[in-house]
Amino acid sequence: MDLVALRVSLALAALTTLVLLAIALPLGAWLAATRFRGRVLVEAAVALPLVLPPTVLGFYLLVLMGPRNPVGRAWVALAGRPLAFTFQGLVVASVLCGLPFAVQPVAASLAGVDRRLVEAAWSLGASPLRAFLRVSLPLAAPGIVAGAVLAFAHTLGEFGVVLMVGGNIPGQTRTLSIAIFDAVEQLDYGAATSTSIFLLAVSFTVLVVTYGLHRRSPLG
Amino acid sequence: MTSTLDLDLERRYRGGPVVRARLEVPLDPAPVTVLFGPSGSGKTTVLRCLAGLERPDAGHVRFRGEIWSDAASGAFVSPQRRGVGLLFQEYALFPHLTVAANVAFGLAALPAAEREARQRWATDLLRVAELAGRRPGQLSGGQRQKVALARALAPRPRLLLLDEPLSALDAPTREELRGELRHVLSQAGIPSLVITHDRAEALALGDRLAVLAEGAVRQVGSVPEVFSSPVDAVVARVVGTENVAPARLASRDGGLAWVEVGGARLLAVDPGHLDDEAYACVRAEDVVLEPRATEATSARNRLAATVTSLVPEGPLVRVVLDCGFRLVALVTRQSAEQLALAPGREVVALVKASSVRLVPRR
Chain S
2 MDLVALRVSL ALAALTTLVL LAIALPLGAW LAATRFRGRV LVEAAVALPL
52 VLPPTVLGFY LLVLMGPRNP VGRAWVALAG RPLAFTFQGL VVASVLCGLP
102 FAVQPVAASL AGVDRRLVEA AWSLGASPLR AFLRVSLPLA APGIVAGAVL
152 AFAHTLGEFG VVLMVGGNIP GQTRTLSIAI FDAVEQLDYG AATSTSIFLL
202 AVSFTVLVVT YGLHRRSPLG
Chain C
44 MTSTLDLDLE RRYRGGPVVR ARLEVPLDPA PVTVLFGPSG SGKTTVLRCL
94 AGLERPDAGH VRFRGEIWSD AASGAFVSPQ RRGVGLLFQE YALFPHLTVA
144 ANVAFGLAAL PAAEREARQR WATDLLRVAE LAGRRPGQLS GGQRQKVALA
194 RALAPRPRLL LLDEPLSALD APTREELRGE LRHVLSQAGI PSLVITHDRA
244 EALALGDRLA VLAEGAVRQV GSVPEVFSSP VDAVVARVVG TENVAPARLA
294 SRDGGLAWVE VGGARLLAVD PGHLDDEAYA CVRAEDVVLE PRATEATSAR
344 NRLAATVTSL VPEGPLVRVV LDCGFRLVAL VTRQSAEQLA LAPGREVVAL
394 VKASSVRLVP RR
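Protein chains in written order, with the numbering used here: chain S, 2 to 221; chain C, 44 to 405.
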């Protein structure tokens, strides 16, 4: 197995998961609490990567990161080099791709927390932040862990958008799934098999853990 | 003037009902006010507006002269800063925290020694100290209710709001806790507002009673006063005079009025300004039952009645009668046995004219 690619994949998945949690917690809390009618638009936008071909998303990102786009130019001015075909660019793309996998379970589990518990915390003097940290967060923990695990696993196996935005630079943007693709292209079925078995095992374990957590919620 | 909770609020729901409530609740010396009303009358909405969990669309809430909310100026005090203790109908205990942590939840801002003292005071008052290490899932309904009350009392709130405090309990536990709750409320010395639709709960807990029905507070007074003299037909029906029957004025006779109720005629005190349509209200306790064919009594209303059904209620029996209209009588078990009451049995129902309260129909 390509250990350099494994390292890239693990780093990418870990970083992406952290960024996704940082987005999913406030966004999920907002979705769970808001009565704003435009929320369906937000929900639809979050779910988009589920149905959009990764190549479409990758293509738009590539255009956005390109030197002819203001966003791309701003990044170059800021970081000194373009975002496309770098590890950072890959993180941005993976975060967008993984959005529904993290946000949906987190939002659903936060919405599942009995609103009266939060109100009880408020009336006992807890600030909205303290009520969130002491009441909502622990009660929604299984869903939040599930979201993190799914985001991690999905990023580990993402292929299309990675190829479009990241290319195939060893140690930088060459992930496990791309290594498998390469191996097959070169008719190196041995390497492809070992990497595939590894990803299969990881994915299966992740799902077992996720479903197990769902069954062991503190309220169940 | 400033020792009251003064609320005058309106809450509108899109495509739904409008809840209006106007009420002055005395706060000294820590009385229990019962806000009584049928389900859907808006009791919970009023409670939520008082707790700061909902904003009234119009009107204001003032607590001891302090403005808690005022729709006109947009002033609004957050639930955190009202110092209100709230007991939810289903208790809303934090399921992931122990009893001790639940009770201490509202004490986070206090120094540790003070926090411990308050926690002990509350758990001792409710006698739940030995449950400290358990989680809500391991408690009975009655224990949960006590822990929730301890949690609400521990921060020494300025006002205690209780949403149907006993309704989630099974009947025996409810009976048992009713008296205890009254005791705890008077011990705690915190002015309380209890909302309920249960007569027994209102009678057992309340010093004062406010009746909320059809979107407005319709009567406020001492509990017996409201129960025995409802101001109008809506209040009479809500507080359950037991027998509220449509009546039609037949004739007047020197301060008394004969009314037709169903197929029967009743003599009642003429309340004045009575249109020909009214409700006749008779409390079930005021109906006397006798065997058919008896000697004279002072009661002018002697109604031939047939027993429809019997509902035992502790030492009493609720007897449903058909005497041209549906009449409910509350008698002791002994007299029910003496009269050999059973469905189909024919008896005479006696109601003194002074016990028939005529309430003009709106």
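Hint data in this document are derived by calculation from the structure and do not stem from the laboratory.
Note that the structure is a prediction, hence the values are computed from the model and not measured.
Check the hints yourself; a few may be wrong.
A partial selection of chain C residues facing chain S, derived with a Cβ cut-off under 10 Å [to be verified]:
| no. | residue |
| --- | --- |
| 1 | Gly95 |
| 2 | Ala118 |
| 3 | Ala191 |
All residues carry an ideal CB built from backbone N, CA and C; glycine is no exception.
Hints, one by one, checked against the model:
1. Because the smallest distance between the Cβ of glycine 95 of chain C and any Cβ of chain S comes to about 8 Å, under 10 Å, the interface hint for this residue holds.
2. For alanine 118 of chain C, the interface hint is violated, the least distance from its beta-carbon to any beta-carbon of chain S being 18 Å, above 10 Å.
3. With its C-beta approaching chain S no nearer than about 8 Å, alanine 191 of chain C sits inside the 10 Å limit, and its interface hint holds.
Hint 2 from the list above is the single one not met by this structure.
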